[in-house]
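J.: Sequences listed follow chains A and B, in order.
In terms of the working numbering, the first sequence is residues 1 to 322.
In terms of the working numbering, the second sequence is residues 1 to 378.
By construction, these hints were calculated from the structure, which means they are not laboratory data.
A virtual CB, placed ideally from N, CA and C, is assigned to each residue, including glycine.
Watch out, some of these pointers could steer you wrong.
[Said to hold, decoys possible] A few chain A residues facing chain B, derived, Cβ under 7 Å:
(1) 54
(2) 61
(3) 67
(4) 70
(5) 101
(6) 104
(7) 158
(8) 160
[What the hints assert, rightly or not] Each pair of labels, with its calculated beta carbon distance range:
(9) A:52 to B:102: 19 to 29 Å
(10) B:140 to A:52: 20 to 30 Å
(11) B:348 to A:46: 36 to 46 Å
(12) A:69 to B:33: 47 to 57 Å
(13) A:224 to B:133: 36 to 46 Å
(14) B:133 to A:123: 31 to 41 Å
(15) B:23 to A:28: 40 to 50 Å
(16) A:263 to B:15: 53 to 63 Å
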Amino acid sequence: MAQALTRAMRDAMAEDPTVHVMGEDVGTLGGVFRITDGLAKEFGEDRCTDTPLAEAGILGAAVGMAMYGLRPVVEMQFDAFAYPAFEQLISHVAKMRNRTRGAMPLPITIRVPYGGGIGGVEHHCDSSEAYYVATPGLHVVTPATVEDAYGLLRASIASDDPVVFLEPKRLYWSKADWSPEAPAAVPGIGKALVRRTGTSATLITYGPSLPLCLEAAEAAREEGWDLEVVDLRSLVPFDEETVVQSVRRTGRAVVVHEANGFGGPGAEIAARVTERCFHHLEAPVLRVTGFDIPYPPPMLEKHHLPGVDRILDTVARLQWEN
Amino acid sequence: MTVQELPGAGASHRPTPPPAWRPRTDAAPLLPDPEPYRVLGTEAADRLDPALMRRCYAELVRGRRYNAQATALTKQGRLAVYPSTVGQEACEIAAAMVLEDQDWLFPSYRDTLAAVARGLDPVQALTLLRGDWHTGYDPREHRIAPLCTPLATQLPHAVGLAHAARLRGDDVVALAMVGDGGTSEGDFHEALNFAAVWQAPVVFLVQNNGFAISVPLAKQTAAPTLAHKAVGYGMPGRLVDGNDIAAVHEVLAEAVRRARAGGGPTLIEAVTYRMEAHTNADDATRYRGDAEVEAWKAHDPIELLERELTARGIIDEAGIQAARDEAEVMAAALREGMNADPVLDPMDLFAHVYAEQTDRLREQAAVLRSELEAEDQA
């Protein structure tokens, strides 16, 4: 996945001279995860810029650059390091189009490596998507496959609106038999995909939890469950139709994500599914999420993160009887 | 056993010296003079440009009239709020005057007068404060960024824009305005640092008007002056009498020239005073005394210039009257523009959130539309 992301930026920069990559360590080092590897060498430091270490400054400067007609792609090194930039994000990035009645859109892509499962220390593993999805004016997308990493990042950079691009850290090293030269279905922003068809229940998920859900779906076959798995790919806009159609087919739904449950994206999705599918539902919409705790130390994270067993236990609870 | 008693201690051991180190730049040329730079009433006034000063005078008078008219409109309920710049007109006007057409102004919520002096229609400049929409103009058309309410957050934008323009080879300078309180915000520091590291063509103008709402400068900073803050970032700091338009114009123009020539950013502190309350919601008598206000009244920017120009025969009674007449024309147009009730379309609430409306917003727009139709029928 890491290489697909690099390739997406490289191709976008080659096609469009207004695309600029910026952030701490993105130049000479190629980023702490090497996602920007080689870009400074190929396009020069003016196009792939090592900035001072200040997230508000990085995003604030990107706002000004976008005001002048550039397409900045900003790297926020880790999920929890993006918080100093929240005022710029919420007060300016998300609102500039609206404040100026469409006169000044900001085509900024904000790349945020997010989530746990890599044994990272404190402040390196937050699932911060709830903050972003609660802010009108932002698109929020997250790939779960190598192909989507490329396609969604290209779509994000091409978008005339700001996009928070959440990169599941634990999937950086995932591999696939894929190359951008191959004809690929490049998804637009806002399209969910049924990754596995099934008839007994729908698992609704995204990003780092997708492989987990696919694994759980395989395991559930032994229990006689045929699970459908929907990969949202985009949290804002939320592809309600794909989700609703799936749940209406299966009659049962579980939302799975590793972000905290209370006030998390799963709460919103469960509410929407309930509103739209009430008469089709055989059981309440359930959620499998991280606990409502600050992200735990690495040695305990396996207890916090949803695993296959927790998903299967929850699926079993869909055998709803009053 | 003590350290001295350890085997090998003392004897011939000499610690390795640290690697050679020296400061990256000489700080002295960056330091501001301790006294604010003045022109009016000094020998420097001998070299005033009469035509420029007559224009400055007319703009000051117009600016004062604009302040009075906007304040009156607040009292009539036509404006939700108005942060006055009475006493600060010299800074506002000089900021607009030193910029070329292609340059950009980054104003704070208090700097509508600077936007007006740059040529923006006063009604458009006051849209935010009137409450009919957030920004009443196309920023690209006027090269004026939207008035910024969160403090100092527009400063990194100015840096990014100036940097982008330079990357594209365009001759563009950005001038960003902030108050004394704003210099405490993180974005102020990050913007200055980015600008200096990138050598971006930016001029930062701090209007030190004495108070951040009610908090005096002494409780805001322990720095000798706000201009001193420049040194830590590696850019020149300049201190200027903010009520002396000739001085503010000269210092700003020099900084703009330097930025345009590739010399990088400058931080300018203009020492001035907010003669009126923060806004109409503020009671200035709770935090400052009459004596202080009276002392600053004697240092009024319009009177300073009028005295100098009259004494030097650069302006006469007819010129003064002409400036006042011109100001009245502006005030009448502003009153007229403000008295016309703006017609707002509630459906605009959903029109500019995204380039393409999401399903969610279409759904919510439909709710509002049916509510509006029900209202119409009632």
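J.: Hints first: check each against the structure and report whether it holds.
T.: Now the hints, each set against the structure:
{"no.": "1", "hint": "54", "in the structure": "4 Å, holds"}
{"no.": "2", "hint": "61", "in the structure": "4 Å, holds"}
{"no.": "3", "hint": "67", "in the structure": "5 Å, holds"}
{"no.": "4", "hint": "70", "in the structure": "5 Å, holds"}
{"no.": "5", "hint": "101", "in the structure": "5 Å, holds"}
{"no.": "6", "hint": "104", "in the structure": "5 Å, holds"}
{"no.": "7", "hint": "158", "in the structure": "11 Å, violated"}
{"no.": "8", "hint": "160", "in the structure": "5 Å, holds"}
{"no.": "9", "hint": "A:52 to B:102: 19 to 29 Å", "in the structure": "27 Å, holds"}
{"no.": "10", "hint": "B:140 to A:52: 20 to 30 Å", "in the structure": "28 Å, holds"}
{"no.": "11", "hint": "B:348 to A:46: 36 to 46 Å", "in the structure": "39 Å, holds"}
{"no.": "12", "hint": "A:69 to B:33: 47 to 57 Å", "in the structure": "39 Å, violated"}
{"no.": "13", "hint": "A:224 to B:133: 36 to 46 Å", "in the structure": "59 Å, violated"}
{"no.": "14", "hint": "B:133 to A:123: 31 to 41 Å", "in the structure": "39 Å, holds"}
{"no.": "15", "hint": "B:23 to A:28: 40 to 50 Å", "in the structure": "24 Å, violated"}
{"no.": "16", "hint": "A:263 to B:15: 53 to 63 Å", "in the structure": "56 Å, holds"}
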